[in-house]
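K.L.:
Chain A is fixed; fit chain B onto it per the hints.
Chains A and B are the protein sequences, given in the same order. For the first sequence, my numbering assigns the number 1 to the initial residue and increments by one for each residue that follows. For the second sequence, my numbering assigns the number 1001 to the initial residue and increments by one for each residue that follows.
Label pairs and their in silico Cβ distance ranges:
#1 B:K1270 / A:I327: 31 to 41 Å
#2 A:D313 / B:T1292: 48 to 58 Å
#3 A:H266 / B:K1013: 42 to 52 Å
#4 B:T1211 / A:R307: 22 to 32 Å
Bear in mind the hints are in silico, worked out from the structure with no lab data behind them. Just so you know, these numbers come straight off a predicted model, no measurement behind them. Cβ coordinates follow ideal geometry from the N, Cα and C atoms, glycine included.
Protein chains: 2
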Amino acid sequence: MNSIKYSYEQLKKLCCDAFAGFGFSQEEAEQITDVLLLADLYGIRSHGTQRLVRYHKGIENDTIKIDAKPEIVFETPVSAVIDGHSGMGQLISVYAMKLAIKKAKEVGMAFVTVRNSNHYGIAGYYSKMACDEGLIGISTTNSESIAVHTNSKQAILGSNPIAFAMPAEPYPFWFDAATTVVPRGRLEVYNKENKPIAQSWAVDEEGKTCTDAERVLECINDKNSAGGILVLGGKTEQDGSHKGYGYSMISEILCAITSGGSTSNHHVRKKGQGAGTCHSFIVIDPKIFGDTETIKDHLSVFLQELRDAERADGEIPIYTHGEKEFINAEKVLKEGIDVNINTVAEMVRLCDYLGMNSVEYLGEVDISGTKQGNYDKVYK
Amino acid sequence: MNSIKYSYEQLKKLCCDAFAGFGFSQEEAEQITDVLLLADLYGIRSHGTQRLVRYHKGIENDTIKIDAKPEIVFETPVSAVIDGHSGMGQLISVYAMKLAIKKAKEVGMAFVTVRNSNHYGIAGYYSKMACDEGLIGISTTNSESIAVHTNSKQAILGSNPIAFAMPAEPYPFWFDAATTVVPRGRLEVYNKENKPIAQSWAVDEEGKTCTDAERVLECINDKNSAGGILVLGGKTEQDGSHKGYGYSMISEILCAITSGGSTSNHHVRKKGQGAGTCHSFIVIDPKIFGDTETIKDHLSVFLQELRDAERADGEIPIYTHGEKEFINAEKVLKEGIDVNINTVAEMVRLCDYLGMNSVEYLGEVDISGTKQGNYDKVYK
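Bound conformation, chain A alone (with noise of 0.2 Å):
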């Protein structure tokens, strides 16, 4: 047995509960467990439910402080500088997120920045509030260094993933990607998996390829050592290396640049200060290029040429961003969401640190042979 398929409500509730239990009033803990769990919904395995125990050890170690609330530091009709006082990034971010929508809908576009946040879940949550109200959402973050830029020997910069929204039928274009060829998440997928990972995907502390999750994220947490995951493109200019480098950095221009924040290279989660994590909010109206609806209908039918275009492999879909992620939503609402043992596994050892039954949330489950190391390994 490697998963359990749990309904959608079972994992809210014992995320609203976990999150209650922690400190958070009941309001945001449902706005956080909303952030998390759409991650489950729209199959991005890596930044759901397997990441509770990043926030569980987090808030253990004071890096997210429970009762801060984001400051407006500098502000025009068009922008807005946030400090986060090192609060919880989703709720912090969704409060951003809603000044960007309000701003753009007074002026036509607006830019609302972030710094001395934590870890926000998936960029792609925050485009999705913007484009859910017929706007344009653009969102990046910056994160600890994971990955390796060009002719670097080091983990340098963030996974800085850039999200973009925008409506058209039948499905949004929803595009939410970390600069690097697989965000951090995925290899802690995989190593929970205990599945090797793509030759194409990381390097050890010798600069070799590495097929083994565990050691990189190992690298990774060692600020002293080599390794890491590579940048979209590779490890070869020749291959587009610089190409994955550049929107890595225009994802961290945005969001630490901006606000006047850490930047991923080691100063973001440095020890012994909060996490510093940065984020970017941009929203634009339609409406300031003409007749909305006229656009989205132009962007609908673009998407679906792009569909129908000739298959290179005929028994599989060409699919526009976010498609996959609408058409799995609406199955694992229905069909329920399977969750990994490992991370079933740390979910009991969540509701036994804070003294919530387990069984009453999960049902009686066998976690004899599961990863336990991960808890404490993989984020100390």
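P.N.:
Chain B in isolation, oriented as in the chain A frame:
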């Protein structure tokens, strides 16, 4: 003799006189030349004088209209939509970027989008215009179909570059790259140099890796043929193909969807109508985030820390984006620009066409054995 060295001034005189010869005013000819030659100064040979033939062909077949003037068809304080009426891409784009800069200085940020234009040279010329005034500059463009998106058999998407520039010392951050592994122009350069392209760049009409530049260019030119250049991240999702495809989509949405223009998937440069190329110009004034000098210093420190990272190959520097280009410009302004002999042959032919004495511009050159076929085959 594979190349001849010319001074910047020599090439400038040739280009200015050629564009004036086509019927542009002296001021327009100088503006177009300035865009073209920045590519040669920066060592981006794919987009400099080697592209003269493309503009020649465009003017000859009336895809580029000499007398067209850009027209603002929709406008708000933060935005404008411009119809280029099939004018010269560089002229329309300088006009559009100047408008975006003006608006951003007034309001804090601005977005100008363009439809019905032509190839505009390097995207980074326009982001640099904003950067030179202390602003963040972004530009994207679409192009004719050259890129094979994830699981597509045919080249459907354009090269769809994204350029981003922001002031820093001693070099700005200046990123400009196609969202494909390489741009079409790189294949043109390899074709002229009779060199095989890398295994990771392109596929032929059967979807197989192809290292013959001329064959891939023929696949691209034949709208009914499969094959083309791969998006950044290559062929498979495992290597991140969907990410390069996603950046390509973002580039395209920002220009073609916002402007209501032609999308790259066989609508741009469709036979029997104007090119229909679209561009976007986005400008953000860093003052909307606080003190601009502090922000610039923050970026400068970050870039220096990246350069100072431990190197995988100790013999090669770690560059930040734009650094190589600025260093190259200083060098070739002193030493001259190497022009491939096939490009020299194209220039001779261009001079002949315009009734200019090629010897006066280029000296006595032996162009026997050059790839004259390029002139007719690559841009039909």
